[in-house]
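Novice: Each chain, written out:
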Amino acid sequence: MAILTIFTQPQLLLLVGVGTFAGIYIGAIPGLSVTMAVSILISFTFSWDVYPAISLMVGIYMGGVYGGSRTAILLNIPGAPSAIATAMDGYPMAQKGEAGQAIGVTTVMSFFGGLIGILVLAVAAPFVADFAITFQPRDYMLLAVLGILLVGSLSSGSLVKGIFAGALGIAIGAVGRDPLTFAERFTFDLKLMEGGISFIAVMIGMFGVSEALQQLQNVNMKAVRQKIDKIVPSFGTVKKYLPLSLQTSSIGVIIGALPGTGGDIAALMAYDHAKRVTKNPEVPFGKGAMEGLVAPETANNAAVGGAFIPMMTLGIPGDAVTAIMIGALFIHGLNPGPMLMVDQPDMFWFIVGALLMANVFMLIFGLTGIKIFTKIVEMPRSIIIPLILLLSIVGAYAVNNSITDVYWMLGFGVFGYFMRHYGYPLGPVILGVILSRLLDDNWRRAIISEREDLGRFFEGIITSPLSLSLFIAVILIFVSQTPVWTAAKTRLFGKASS
Amino acid sequence: MSRKLIGALVALGLSATVATAQEYPTKEIQGIIQWGAGGSTDTVMRSVTPHAEEALGGTVVMQNMTGAVGAIALNYVVDADADGYTVLMGAENPMLYKVMGLGDEDYSAFTPVNLLARGTAMLVANNDAPFDDYAGMLAYIAANPGELKLGATGPGGLPSVITAMMNTVEGELDVIAVPYDGDGPALTALQGGAIDVMPAVLGAAIEGIRAGNMKPILIFETETNSTLPDVQIATDANAAYATYLPWGPFFGVFAKNGTPDDVIEALTAAYATAAENQEFIDLMAGRGFTMMNISGEEASAFLTKWQQGTAWLLDDAGLTQASPEEFGIARPAN
Chain A
1 MAILTIFTQP
11 QLLLLVGVGT
21 FAGIYIGAIP
31 GLSVTMAVSI
41 LISFTFSWDV
51 YPAISLMVGI
61 YMGGVYGGSR
71 TAILLNIPGA
81 PSAIATAMDG
91 YPMAQKGEAG
101 QAIGVTTVMS
111 FFGGLIGILV
121 LAVAAPFVAD
131 FAITFQPRDY
141 MLLAVLGILL
151 VGSLSSGSLV
161 KGIFAGALGI
171 AIGAVGRDPL
181 TFAERFTFDL
191 KLMEGGISFI
201 AVMIGMFGVS
211 EALQQLQNVN
221 MKAVRQKIDK
231 IVPSFGTVKK
241 YLPLSLQTSS
251 IGVIIGALPG
261 TGGDIAALMA
271 YDHAKRVTKN
281 PEVPFGKGAM
291 EGLVAPETAN
301 NAAVGGAFIP
311 MMTLGIPGDA
321 VTAIMIGALF
331 IHGLNPGPML
341 MVDQPDMFWF
351 IVGALLMANV
361 FMLIFGLTGI
371 KIFTKIVEMP
381 RSIIIPLILL
391 LSIVGAYAVN
401 NSITDVYWML
411 GFGVFGYFMR
421 HYGYPLGPVI
431 LGVILSRLLD
441 DNWRRAIISE
451 REDLGRFFEG
461 IITSPLSLSL
471 FIAVILIFVS
481 QTPVWTAAKT
491 RLFGKASS
Chain B
1 MSRKLIGALV
11 ALGLSATVAT
21 AQEYPTKEIQ
31 GIIQWGAGGS
41 TDTVMRSVTP
51 HAEEALGGTV
61 VMQNMTGAVG
71 AIALNYVVDA
81 DADGYTVLMG
91 AENPMLYKVM
101 GLGDEDYSAF
111 TPVNLLARGT
121 AMLVANNDAP
131 FDDYAGMLAY
141 IAANPGELKL
151 GATGPGGLPS
161 VITAMMNTVE
171 GELDVIAVPY
181 DGDGPALTAL
191 QGGAIDVMPA
201 VLGAAIEGIR
211 AGNMKPILIF
221 ETETNSTLPD
231 VQIATDANAA
241 YATYLPWGPF
251 FGVFAKNGTP
261 DDVIEALTAA
271 YATAAENQEF
281 IDLMAGRGFT
291 MMNISGEEAS
301 AFLTKWQQGT
311 AWLLDDAGLT
321 QASPEEFGIA
331 RPAN
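Order-wise, the sequence lines are chains A and B. The numbering of the first sequence is the UniProt record's numbering, which starts it at 1 and goes up by one. The numbering of the second sequence is the UniProt record's numbering, which starts it at 1 and goes up by one.
Rather than coming from a laboratory, the hints here were simulated on the basis of the structure. Incorrect hints may appear among the rest.
Computed footprint of chain B on chain A; a stretch qualifies when at least three of its residues, placed anywhere within it, have a C-beta under 8 angstroms from a C-beta of chain B [unchecked claim]:
id, stretch
1, 132 to 145
2, 319 to 327
3, 374 to 381
In this text, a Cβ means the ideal position worked out from N, Cα and C, and glycines have one as well.
Generate coordinates for the entire structure from the input sequences, incorporating the hints supplied.
Specialist: Written out as structure tokens, the structure reads:
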């Protein structure tokens, strides 16, 4: 069985290990992305055999998705877009001296999520892929609308401010040449605006630089001492979150398998889901709720397995990283496509095995060295602030090797600082940027397909079971956030909901 | 200063000049890829360049620079020194920048080092589409005006050129053009039934066809394609296609105009050798590309013909921002 290939060859095992280890650190540094690392590896591994090359890439991918949580928890700076939700409850934990515990739970739950993703890939890939490609433009649009409704979950405090932040994000995402018509939007005839605003630059600025500016206010404040005795979560703790993590992992696999969406949206949706289903969290969400860590971290690692599903069964990438891996397979003389599973089933099982191994390595490397990591939070701010700024600049430049991105990053950093200052949440801005094109492009595709006829558009929604379910979900979630619903609920059940 | 010393200095200077001329490359060459990692331009360049490095005896560091349909990468190389240490690895898109209003530069600012290969355009249809061939498709469009959903990738992309070609040859076809980000997402949508027909490059569709996930309708070539010999070719369907064919997206390596001749020669020789590598040829054949491996005058002539035909086709379809005439692009003689 090819699934065992990885276990019988020490060299491949070593490469997966090295990849996972490197991935964790690449993922942890904002701006150094897995996508970037894997694309560099394409040239680097050109002359290698295909198995070693894939081993290294799979390791980096798995490790990188997990690594993003590290800086999110310790510094409130998500290392990758898929760790944005993790920061919301992870950082409050670190501020209470529970960084070690937060990382411990994150690691075990990422492992669990990863496992579910791999399991689904191994046993149900063809079915999930067939389901994923039936998503029509209108379904992606409804999914994006569902995503937009997360603004409520991501804004602690004023919803109005959250909506403003989300709308700003959508506007930022629309800047540049429209990919469908090449018309310029919000570019003010400036060359540097034509390519749009790099979403990673916005993220690094809003979270990294604004955090550094924020900390600058109390530069002499003593750092919180971290408790490092209970790092590995007890079996009881894991068991308690098992039902939730099964649900959020499923969200991760499906969203990951959809060719138009990835781990970032999966993590945010999972966070929102956790907030809805958790009736009485021990600690409120946004203040360090364990559920707020479990949900996004299981989902984004489950999305890894999910992203491989359309890649392996149809040759369609599930996200940016798998898109590059398809290129890698091609360079190594394979023809990734629907026939790959038939012609080269070994390749499929080899990747499943490599993912499994990367997941195990992630658990091992994740749980060791936590003590040293938590020391980062205990470092004096006079050291940590310059370090954050340096990493932010390097990261923003590295995305496209463009100095313009550094300016954007710094600009959004200052802007983000003032947003924090006036109580505007930053999460919805990033959510808006992520969803902007998904919403815009798919709405236009959907309505163009129906000859710009709204009647036909709604007819399409009602006649398709998938679209109808998504549409009903949108309506329910929307209504459940309005005062009308709360009033009705109070009248029906006799008590106000939280 | 003694004569000896001056003599030695002069000799040193001379030998240094000779050395620079002979030893190109003396440092790493930067290869700027116009498109993202994993895309077809990227994979072609990353597959051929290691063989060119071997022939050249130097290192080419490849870097993806995306944005503005590749214009950002092109402008970057235009702004660099014409010393052969920054080369552009691109596709056909820059030939349309001027007429599409995407930029002021195109490949006329470059010397083609090698035009490696050309892709073949074809029409593929969703398996459930109520027709199996080109004539059937035309009949369906005529009977159901405004119903057939045809995939597109924005003005200037391969689908827009093919659609313009069909409209010119067959008369205006009443279809709905649904835009996608590229042929990958559009072919995914085709399999899911969001669109009915997609004009795509053969290499992108071939695996889906082999697996029976989509059906081939027409190949835009003048001769039977060896990869899909049973599929009808455009000139058999309508002889009028001969005016525009052979046509297809292409991949090439370019150096800025003004690069020293010996450097161009060295690069040209290296890529010509690389393009003859059997491994590379097999790889390209597997993806349905037609090898060209041309340089110099031959490459320039190809570029001119390509630009004239395509720019006017798009202009006649009303898809351009400015007339090709403004940039001195002559209408092709039939």
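Novice: Each hint needs a verdict: does it hold in this structure or not?
Specialist: Hint check:
1. Under the rule that three or more residues need a Cβ within less than 8 angstroms of chain B, the assignment of the stretch 132 to 145 of chain A holds, with 5 such residues.
2. With 5 residues having a Cβ less than 8 angstroms from any Cβ of chain B, the stretch 319 to 327 of chain A passes the three-residue criterion, so the hint holds.
3. By the rule of at least three residues with a Cβ nearer than 8 angstroms to a Cβ of chain B, the coverage given for the stretch 374 to 381 of chain A is violated, with 0 such residues.
Hint violations for this structure: number 3 only, all remaining hints satisfied.
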